[in-house]
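Asker: Position one of the sequence shown corresponds to residue 1 (the UniProt record's numbering), numbered consecutively onward.
Just so you know, these hints were derived from the structure itself, not from any lab. In this text, all values refer to a predicted model and were calculated from it rather than measured experimentally.
Computed Cβ-Cβ distance ranges for the label pairs, DEER-style: (1) K178 - T91: 33 to 43 Å; (2) Q232 - T91: 44 to 54 Å; (3) P75 - Q124: 25 to 35 Å; (4) A213 - Q124: 38 to 48 Å; (5) M72 - D93: 14 to 24 Å; (6) G141 - E121: 14 to 24 Å; (7) P222 - K117: 42 to 52 Å.
Once the Cα atoms are required to be at most 27 Å apart in a straight line, the calculated DSSO-like pairs of lysine-lysine come out as: (8) K185 - K25; (9) K195 - K178; (10) K195 - K185; (11) K30 - K189; (12) K189 - K25; (13) K26 - K185; (14) K30 - K217; (15) K228 - K25; (16) K178 - K217; (17) K178 - K26; (18) K228 - K195; (19) K122 - K110; (20) K143 - K189; (21) K185 - K143; (22) K217 - K195; (23) K185 - K228.
Every residue gets a Cβ at the ideal spot worked out from N, C-alpha and C, and that includes glycine.
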Amino acid sequence: MFKKSDDSRLRTKYQPRNVSLSMLKKDRYKAFIDYFSEHQPNAETELHYTNPYELLVAVILSAQCTDKRVNMVTPALFQRFPDPESLAASTSDEVFEYIRSISYPNNKAKHLVGMAKMLLEKFQGEVPSTVDNLQLMPGVGRKTANVIASVIFNMPTMAVDTHVFRVSARIGLTSNAKTPLAAEKQLIKFIPQDKIHIAHHWLILHGRYICLARSPKCGVCPLTSFCKYFEQNFIKNPKLDSKSKAF
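Put together the whole structure using the sequences plus the hints.
Answerer: Now the structure itself:
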């Protein structure tokens, strides 16, 4: 898994002459897939879990919250509520006490209890495998459903969070995508089905540690030779090189 401490091994020499200013989208996708297939063949979620139920809980908690924060609260939460039965039998007030440091704890506590009850009533206590069924549960939107379908069931679904949306646009994998759904449709159109589930993690981890929202680390990014953002901001505007904090 790609960790924050791995920045050094991804350092790349700034060589603008190697950047293609006329690369076709299909070639960008190929370069993207080829690089990560070689360097991050086992990328995976940074959420801690041991079974589908735990991942579903963790992903619900991760909405507008960091994986690091979620991983801090789930050990005690899973010890108290190790399965859907125990969670369904609890109250949102009790669950709240375990997740109060998470963003929107009141709503998420209600969602978790409601989700557990639906798992028992509608799905015999098993996490469903389809995006449509997953979205029937409280607290589970399309992004969460796509994560579960992809990570647990290896389905070719692309969950588009803020990192995926930003990185795919900057690299040039998506064009004029105004919504996560629009970005999702473009990504799954060009990424081979057997790579979609891991490409989700590639984009998230790259956005989390390298292609940051405010100050992208272009100076250590290994994707500059085919990155549209890099082309537009550093190749076509070379005066920015010495001023940018990215180098």
